[in-house]
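Chemist: Spelled out from the first residue to the last, the chains are:
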Amino acid sequence: MTAHFQNFDEFLAAVDRDGAVGETRARAEATMSRRGLFGLTFAGAGATLLARAPVAAAAGLPAPDLDILNYALVLEYLQASFYTEAERSGALHGRTAEAARVVGATERAHVKAFLHLLGSKAVKRPTFNFQGTTEQQRPFLKTAVAFEDLAVAAYKGQAPKLRSNAVLAAAVGIHSVEARHAAWMRQLFGITPAVNAFDRPSSRASINRIVTSTRFIVAKPRMKARTKPEFTG
Amino acid sequence: MSLKTRLAAAAAAAAIAGLLAAGLGASHRNVLPSDQLAALPASPGPALQVGKAVGLPAGRYLSRWTVVRRPTLAHAAPAASSAVVARLAASTPEGTRNLLPVLRVVSSDTAALWVKVRLPVLPSGSVGWVPRRALGPYETVNTRLVVDRGDLQATLYRLGKIVFAAPVGVGTDAWPTPAGEFSVRSKLTRYASPFYGPLAFGTTARSDVLTDWPGGGFVGIHGTNEPQLLPGRISHGCVRLRNRDLLRLAALMPIGTPMTIR
Numbered sequence: 001m002t003a004h005f006q007n008f009d010e011f012l013a014a015v016d017r018d019g020a021v022g023e024t025r026a027r028a029e030a031t032m033s034r035r036g037l038f039g040l041t042f043a044g045a046g047a048t049l050l051a052r053a054p055v056a057a058a059a060g061l062p063a064p065d066l067d068i069l070n071y072a073l074v075l076e077y078l079q080a081s082f083y084t085e086a087e088r089s090g091a092l093h094g095r096t097a098e099a100a101r102v103v104g105a106t107e108r109a110h111v112k113a114f115l116h117l118l119g120s121k122a123v124k125r126p127t128f129n130f131q132g133t134t135e136q137q138r139p140f141l142k143t144a145v146a147f148e149d150l151a152v153a154a155y156k157g158q159a160p161k162l163r164s165n166a167v168l169a170a171a172v173g174i175h176s177v178e179a180r181h182a183a184w185m186r187q188l189f190g191i192t193p194a195v196n197a198f199d200r201p202s203s204r205a206s207i208n209r210i211v212t213s214t215r216f217i218v219a220k221p222r223m224k225a226r227t228k229p230e231f232t233g
Numbered sequence: 001m002s003l004k005t006r007l008a009a010a011a012a013a014a015a016i017a018g019l020l021a022a023g024l025g026a027s028h029r030n031v032l033p034s035d036q037l038a039a040l041p042a043s044p045g046p047a048l049q050v051g052k053a054v055g056l057p058a059g060r061y062l063s064r065w066t067v068v069r070r071p072t073l074a075h076a077a078p079a080a081s082s083a084v085v086a087r088l089a090a091s092t093p094e095g096t097r098n099l100l101p102v103l104r105v106v107s108s109d110t111a112a113l114w115v116k117v118r119l120p121v122l123p124s125g126s127v128g129w130v131p132r133r134a135l136g137p138y139e140t141v142n143t144r145l146v147v148d149r150g151d152l153q154a155t156l157y158r159l160g161k162i163v164f165a166a167p168v169g170v171g172t173d174a175w176p177t178p179a180g181e182f183s184v185r186s187k188l189t190r191y192a193s194p195f196y197g198p199l200a201f202g203t204t205a206r207s208d209v210l211t212d213w214p215g216g217g218f219v220g221i222h223g224t225n226e227p228q229l230l231p232g233r234i235s236h237g238c239v240r241l242r243n244r245d246l247l248r249l250a251a252l253m254p255i256g257t258p259m260t261i262r
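Protein chains in written order, with my numbering: chain A, 1 to 233; chain B, 1 to 262.
Just chain B, same shape as in the assembly:
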């Protein structure tokens, strides 16, 4: 900035200050005198105390699931022209919605959305692609159930930490509990069957052997009227818990919890 420019700027600033002192300042004082300001009522504090922005926690322990909204086909690839690998009903044999664990979504602004899901079909571990429009809302869980057929124990994790552990009964050598990655997909209550105990969880796991079992041979997690047999290899593939352990588990485990059987 040149000396001439600086002098001009200083002169302008002095003129503005003079104007404010002589006129505008006095005018301002006349409009809002201090006694009138003091008479104004104080503003009320807000009823809502909105705190800091709430960031999302790390998604490391989160799993996503959805349900089949209407009967649809699962494909081998995210394209309608690819091979059909399964037909998916909207409901399970128990009458609940057909749950699918979400593995991946292929998105693009120009093409239809396809969702990669784990399928509740044989062979265990099958996956497929389903059009997004055939699916329902997404839900998330932060729990994971691990059933160890060697140690005969079920362990529930929440955010990676153990919150439940109990001995279990699993399938015999003739009717083994299938190994793999599955999900807890339903909760059945208020039935009268001492054999299944007070409640039962349905899962996406299916017996490799009892394929003609009523309802499709799905593996459940339920109670028992023979607690003295646990832990042991005593079932047709289902995971049995003592009734008191099952009720404790039911209070902790949401529908959609991924289940690892090893």
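With the rest of the complex left out, here is chain A:
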């Protein structure tokens, strides 16, 4: 599978079922705007706010790059959550269990790095329902291959759009790691790890179909309500 996400909005529309990711993104953008206003109008207060904000690392990056970083973060959330759930389920065995442990630790390191860079501009983690694919060996491997191939294609698709060379350097570094993960999972699943001389891009429609067909990103369950209790008292 080779594919490109054309932009973050398109990806978001496909996967953000309850709007949680979009909400966080809007909030982050609003915060950025307020900071700008404070910086112009109340230099002292603005400086204090910026000093406290955990976004210093991302502050100088071009806005389109931040958008792409958040898009990549959602994919990293997806992968990290998938491997974490698989490891905790204890259902995998042998070399597959070992691969899940190693790759999961790497994906969590990616998430940690993205969160550190993006600070309060980072979209929040969506809710995932992997529907049992983390609890059975073959479905796990099949899904892992799809996720890793998707991540490789996504990084490859976004790299030419990045404006900052520093972000590009980071993206290339992660892209090659994802490609190794893809090869590892492919081998465990019993398919040729590397057969193509070149990965061709897929259409926009194809990508949307892939993402929406998983149904892994779901609405966060409603566990809070504004209603008077009827407990026994």
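I should point out that these hints are in silico values taken from the structure, not numbers from a laboratory.
Remember, it's a predicted structure, so these values are computed and weren't measured experimentally.
It is possible that part of the hints are untrue.
Unchecked claim - Here are some chain B residues pointing at chain A (derived, C-beta under 7 Å):
hint : residue
1    : E94
2    : P198
3    : P214
4    : G217
5    : F218
6    : H236
Stated by the list, open to error - In silico negatives: residues of chain A with every beta carbon more than 10 Å from chain B:
hint : residue
7    : P160
8    : F198
9    : D199
To be verified - Below are the EDC-like pairs computed for lysine to aspartate or glutamate, each with C-alpha atoms no more than 20 Å apart in a straight line:
hint : chain 1 : residue 1 : chain 2 : residue 2
10   : A       : K161      : A       : E230
11   : B       : K52       : A       : E98
12   : A       : K156      : A       : E87
13   : A       : K228      : B       : E139
14   : A       : K156      : A       : D199
15   : A       : K224      : B       : E139
16   : A       : K220      : B       : E139
17   : B       : K187      : B       : D151
18   : A       : K156      : A       : E98
19   : A       : K124      : A       : D199
20   : A       : K228      : B       : D212
21   : A       : K112      : A       : D67
22   : B       : K187      : A       : E230
23   : B       : K161      : B       : D148
24   : A       : K161      : A       : E87
25   : B       : K116      : B       : D151
26   : A       : K161      : A       : D199
27   : A       : K142      : A       : E87
28   : B       : K52       : A       : D67
29   : A       : K112      : A       : E87
30   : A       : K124      : B       : D173
31   : A       : K112      : A       : D65
32   : B       : K116      : A       : E87
33   : A       : K156      : A       : E230
34   : B       : K116      : B       : D212
35   : B       : K161      : B       : D151
Each residue gets a CB set at the ideal place from its N, CA and C atoms; glycine is no exception.
Using the hints provided, position chain B relative to the given structure of chain A.
Modeler: Relative to the frame of chain A, chain B by itself:
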């Protein structure tokens, strides 16, 4: 390796070294002279500082829960042909999703997945098997609430360490707070009722006595407008806290926290 072989290998190595010195080396120097190398721009450092791989912490204090995605039946065994032990709705009487603590999963590559869950039904402690496809996402928590009816105290643990303790009111002898293993399953706010205090947690515990209570006789954790009665055995089964203690607890206790009443 024989002497003849070693001599042949040495001769080959000498020939390669000679070739490199005479031709390839010079050619290489011509392609990338040192002044051109120095003129190349330095590569930028990566914007992301990816650290070491992040291993999972020990799962000793972790508990897993899920919700009912669509109304389903809980069975006595992980098979559709086994006896039905409960009917599970997707929502609670309060309108929140019906939470189920996950105890175990039976997996196989050929059969459907079944999940063993603790059931919010009487008698307390009931368990059952539910098809995985009827359940929602898994969530994990690292907290545990213990309500001690003898000491009249609630204690919250995080990763095995006490992070909260406060006196409580529990059920009278006529309407006792049920003992057992339960979960905190909902959080209710913004209602106007001094009796229940500023907010209330719903739990999977049910009164053994008040079975016809509106909403099914579920036990809640809530505040009070009579703080002078705490600690004491003064409720219909619910766990009452002083309002300030309840607000402190609410800041620390996530939905899904397992609750032991002893």
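Chemist: Given the hinted pair B/K52 and A/D67, is their Cα-Cα distance within 20 Å?
Modeler: 25 Å, violated
Chemist: With a cut-off of 7 Å on the beta carbons, see whether B/P214 makes it to chain A.
Modeler: Nearest chain A Cβ about 5 Å off; hint holds.
Chemist: Assess, step by step, whether the Cα of A/K142 is no farther than 20 Å from the Cα of A/E87, and give holds or violated.
Modeler: 16 Å, holds
Chemist: Given the hinted pair A/K220 and B/E139, is their Cα-Cα distance within 20 Å?
Modeler: Status holds; Cα separation ~10 Å.
Chemist: Decide if the proposed pair is consistent with the structure: A/K156 and A/E98, CA atoms, cutoff 20 Å inclusive.
Modeler: Since the Cα atoms of A/K156 and A/E98 sit roughly 27 Å apart, the hinted pair is violated (cutoff 20 Å).
Chemist: Below or equal to 20 Å on CA atoms is what counts here, so check A/K228 against B/D212.
Modeler: 18 Å, holds
Chemist: Would you mind confirming whether the straight-line C-alpha gap from A/K161 to A/D199 stays at or under 20 Å?
Modeler: Holds, at roughly 18 Å.
Chemist: If you draw a straight line from the CA of A/K156 to the CA of A/D199, is it 20 Å or shorter?
Modeler: 9 Å, holds
Chemist: Using 7 Å as the Cβ threshold, decide whether B/F218 counts as touching chain A.
Modeler: 6 Å, holds
Chemist: CA of A/K124 to CA of A/D199, is that 20 Å or under?
Modeler: 31 Å, violated
Chemist: Does the CB of B/P198 sit less than 7 Å away from some CB of chain A?
Modeler: The hint is violated - B/P198 has no Cβ within 7 Å of chain A, the shortest such distance being about 12 Å.
Chemist: Verify the proposed pairing of B/K161 with B/D148, using a straight-line Cα cut of 20 Å.
Modeler: Holds, at roughly 17 Å.
In this structure, the hints that do not hold are numbers 2, 10, 12, 13, 17, 18, 19, 24, 25, 28, 30, 33 and 34, in rising order.
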